[in-house]
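Chemist: Sequence:
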Amino acid sequence: MRLRSFHGLSLRSLAARPQRTLLTATGIVLGVGIVFGVITLSDTMSSTFRDLYSRAFGAAEVVVTASGGNGTFSEGVVREIREVPGAVRAAPRLSVPSSLILDRRREDGLPEVRGMRLFGVEPSSAALATGFALEGGRYPRRGAEVTLDAASAESVGVGIGEEVTLGTPDGPRRAEVVGLLRIPGGSFGGLSFAMAPLAWTQQAFGEKERISGVAVDAAEGTSPALLRERLDRRLGPGLAVERSETRTEQVTSQLQGFRISLLFFAGTALFVGAFLVFNALSMTVLERTRELGMLRALGSTRAMLARSVLLEALLLGAAGSLAGLLLGYGMAWGLVYLFGRAFMFEITTLSVSPFALLSALAVGVAVTALAALYPALRAGRVSPVEAMRSRREAARDGRGRPRLARLVPAAGLALALAGGAWTYHLARNLSASLDGAVFASGIAAVLGAFLGVSMVVPALVRPLAGLLSPGLRLLFGVEGRMAAANAARNRVRTALTASALMVGVSLVIAFAALGGSVLGSIRAYLEGSLGSDYVVQPATQSSDAAFSDRLPQRVRKVVGVEKTTAIASAFLRSGDATYIVFGLDASYPDIFRIDYASGGPGAFGRVQGEGAALVGRQLASSRGLRVGEKIRLPTPRGPREYEVAGVVANDVLGGGSGVYLSRETLARDLGEREGEFLAVKTSPGADRGEVERRIREILRNYPQFTLYSNAEWKAQIERDFNRQYVFFYAIMGVSVAVSAFGVVNTLSMSVFERTREIGILRAIGATRLQVGRLVVEEGVIISLIGCLVGVAVGSLLGYLFVRGTGAGGFEVSFYYPRLPAAAALLSGLAIGALAGLLPARTAARKDPVEALQYE
0 MRLRSFHGLS LRSLAARPQR TLLTATGIVL GVGIVFGVIT LSDTMSSTFR DLYSRAFGAA
60 EVVVTASGGN GTFSEGVVRE IREVPGAVRA APRLSVPSSL ILDRRREDGL PEVRGMRLFG
120 VEPSSAALAT GFALEGGRYP RRGAEVTLDA ASAESVGVGI GEEVTLGTPD GPRRAEVVGL
180 LRIPGGSFGG LSFAMAPLAW TQQAFGEKER ISGVAVDAAE GTSPALLRER LDRRLGPGLA
240 VERSETRTEQ VTSQLQGFRI SLLFFAGTAL FVGAFLVFNA LSMTVLERTR ELGMLRALGS
300 TRAMLARSVL LEALLLGAAG SLAGLLLGYG MAWGLVYLFG RAFMFEITTL SVSPFALLSA
360 LAVGVAVTAL AALYPALRAG RVSPVEAMRS RREAARDGRG RPRLARLVPA AGLALALAGG
420 AWTYHLARNL SASLDGAVFA SGIAAVLGAF LGVSMVVPAL VRPLAGLLSP GLRLLFGVEG
480 RMAAANAARN RVRTALTASA LMVGVSLVIA FAALGGSVLG SIRAYLEGSL GSDYVVQPAT
540 QSSDAAFSDR LPQRVRKVVG VEKTTAIASA FLRSGDATYI VFGLDASYPD IFRIDYASGG
600 PGAFGRVQGE GAALVGRQLA SSRGLRVGEK IRLPTPRGPR EYEVAGVVAN DVLGGGSGVY
660 LSRETLARDL GEREGEFLAV KTSPGADRGE VERRIREILR NYPQFTLYSN AEWKAQIERD
720 FNRQYVFFYA IMGVSVAVSA FGVVNTLSMS VFERTREIGI LRAIGATRLQ VGRLVVEEGV
780 IISLIGCLVG VAVGSLLGYL FVRGTGAGGF EVSFYYPRLP AAAALLSGLA IGALAGLLPA
840 RTAARKDPVE ALQYE
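All the letters of the sequence shown, read from the start, carry residue numbers 0 to 854 under numbering that gives the first Met the number 0.
You may find that some hints are simply not true.
As the list claims (entries may be wrong) - Here are the computed lysine-lysine pairs in the DSS-like style, where the Cα-Cα straight-line distance is at most 25 Å:
(1) K562 / K680
(2) K556 / K680
(3) K845 / K680
(4) K680 / K713
Treat the hints as calculated values from the structure; they're not laboratory data.
Work the whole structure out from these sequences, hints included.
Modeler: If you want it as structure tokens, here you go:
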């Protein structure tokens with residue numbers, strides 16, 4: 000006789016164990032939720048950038064910019080473009096950094112500022128030049144008129160007809176608001192956008208007869224491709240002719256690496272959730288051994304039993320994934336908030352795509368199904384004879400083959416070493432290869448290392464439990480020793496639970512080590528290389544405000560100031576390569592120490608002449624550059640070659656890929672005349688307080704900048720750095736939360752398995768409190784094992800990250816994250832204790848008589 004159907008059996012199994020079902024589903028819900036939230040955040044960022052930049056680059060079919068994407072060129076180019084056959088309209092513009100200066104005051108008494116991107120446009124072609132739509136009023140026509148984005152206007156409380164103050168390189172300028180712009184989706188770091196007449200912008204920002212781009216429309220019958228070809232021939236190599244979408248695509252493609260990084264952190268939550276599902280279903284199969292054996296005796300096949308368990312997992316995965324989508328929507332808003340705080344990026348709308356919905360749902364169900372495969376196959380192997388045996392005997396027989404058990408840790412160790420080696424290799428070459436395939440292989444390597452370590456953990460459970468046992472016995476007496484023995488009794492289950500916690504803890508430790516080491520190395524570099532006493536930089540992180548040479552000239556005249564050095568910079572793009580080019584003046588080595596990998600101190604003197612440059616060590620390595628060879632850069636004047644005078648070892652400014660020219664060369668070849676950072680060195684014996692007061696007085700005319708002492712500047716760098724890490728710690732915290740539910744599940748199963756044992760303990764005089772403490776302490780041991788292994792793995796992984804990063808242009812020393820490691824171990828105590836409360840309550844409330852009659 001055969002059973003023909005298992006209708007409802009899977010549902011009844013889930014309903015019969017509501018606590019375990021809820022805990023397992025919660026792990027899936029959290030994993031799917033964070034994946035959906037991260038994909039939604041990433042899609043929202045991409046769509047916001049795409050929309051924002053597509054409008055910022057104009058609504059035209061073709062865009063002409065300086066070669067390399069940076070700098071200005073002669074306004075006379077517009078006349079040449081208009082003479083090209085097929086060019087029906089040409090709209091020039093000048094894009095300059097500015098600031099919106101508010102009436103509110105900062106702590107230093109200067110006005111608050113918002114970063115701003117100001118576009119100088121001709122009144123007749125304003126819409127074509129930028130593509131921003133009017134929400135009210137009109138475009139600027141003449142003199143000091145601006146059309147401001149509506150969100151900024153509302154934020155600062157100004158309307159059409161009122162005046163605002165704009166920051167320029169030579170001080171504030173007043174302008175009347177004549178219109179409002181509609182900006183889609185959000186803003187970058189609270190960055191404001193505005194338009195002003197082209198002639199006024201050129202005069203106010205020292206760019207006489209200069210522009211930064213031209214938007215061009217093709218005449219009817221002329222294809223954009225043909226127009227680009229004609230413009231290319233006419234304008235020459237100093238200018239780039241591109242589709243309007245090209246810049247947008249380049250910007251969004253740069254987000255790909257960040258998107259994959261976010262998905263990695265989200266994926267670890269699902270990875271941990273898979274452990275939870277595997278453990279929970281393995282417990283269910285063990286608990287139902289007698290039931291499954293009886294079903295086999297009644298005629299059910301192995302396949303029917305396996306399908307029953309697999310169907311149970313699929314139902315659990317589907318329900319958990321659907322609930323995860325709801326949670327993920329809320330998580331997406333939370334991530335948007337954290338991302339905005341960390342990276343100064345304000346998003347006002349979410350972009351929820353069908354891809355995000357379907358991929359998160361599919362991943363949740365697929366991961367659950369994969370995690371259930373082994374428990375399902377194990378259920379199919381239950382024989383009818385096992386129905387007559389106790390669960391304890393079945394559990395003992397199900398511990399696996401000894402030879403296989405010995406091979407698993409060895410295979411896991413090999414997998415972990417391979418994953419670690421590939422991770423180190425990628426970290427060493429990260430800046431040279433930031434493409435999606437490299438990131439994906441790095442994620443696979445780290446997850447492979449985690450999987451390998453998880454395969455080794457079962458062999459470590461008994462030694463670690465034995466190591467912890469004396470301390471627990473000292474603290475908790477005999478219950479502590481018994482808890483350690485219970486944790487080691489089913490080492491595979493304990494290892495799986497501990498491994499889930501290990502993943503989250505190791506990521507936290509690894510990134511704490513990386514962040515702490517980078518920050519510590521920057522701190523050490525500044526301590527050893529910074530010779531200034533004060534620095535002047537933009538008042539807001541989102542602002543790329545600039546100053547003319549008048550500011551450093553005025554500061555140098557202050558009594559007590561010995562030297563100043565101003566730094567200017569530009570970003571250049573050539574194919575897939577991006578260069579950060581800095582302009583340094585002659586006094587730079589007097590304030591900042593330069594360490595050379597090759598070239599020597601005389602190299603800087605050559606850079607102050609014409610045609611020479613310093614390059615970062617990573618750039619030199621990736622391009623095979625040596626001292627005396629040439630580096631070719633795209634500029635508005637056409638391609639320019641610079642002789643490599645030296646290779647910088649401590650390239651902290653350029654992250655290993657910097658190119659250093661003189662201020663004069665940067666201004667001549669790239670059109671970057673204004674500085675953006677000023678370091679000030681006082682004379683020996685100078686009255687620091689008086690010097691600071693005088694400089695602050697000068698900055699009243701430059702409120703878009705702020706003055707920091709060295710100590711204040713270092714503290715600000717640390718605050719900005721740590722604020723960005725909070726975002727990633729929040730995502731990693733979800734993995735730790737999922738693993739905590741796994742501890743609850745494991746302890747619940749342990750209580751179920753030891754029902755009779757608990758009855759005997761109660762019968763011989765153990766109190767409810769002692770039984771409860773026994774369960775809680777077992778949870779503490781499991782959590783501590785996971786945290787100990789996690790701290791060890793995370794420390795090694797962090798070391799690999801740091802050593803790989805240090806192979807770039809800036810040498811990073813390893814700083815062990817002592818505080819995070821101690822916090823991880825303390826969190827292991829807390830997680831274990833909290834996770835054990837519910838199972839402990841269940842164990843303590845068991846009736847001794849009923850427990851003794853069990854099985």
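Chemist: Give a verdict on every hint.
Modeler: So, going through the hints one by one against the coordinates:
This hinted pair checks out: K562 and K680 have alpha carbons roughly 5 Å apart, not beyond 25 Å. Among the hinted pairs, K556 with K680 is consistent with the structure: their alpha-carbon atoms are about 12 Å apart, no more than 25 Å. With a C-alpha separation of about 75 Å, the suggested pairing of K845 with K680 is violated against the 25 Å cut-off. A C-alpha spacing of about 16 Å is found between K680 and K713, which places the hinted pair at or below 25 Å, so the restraint holds.
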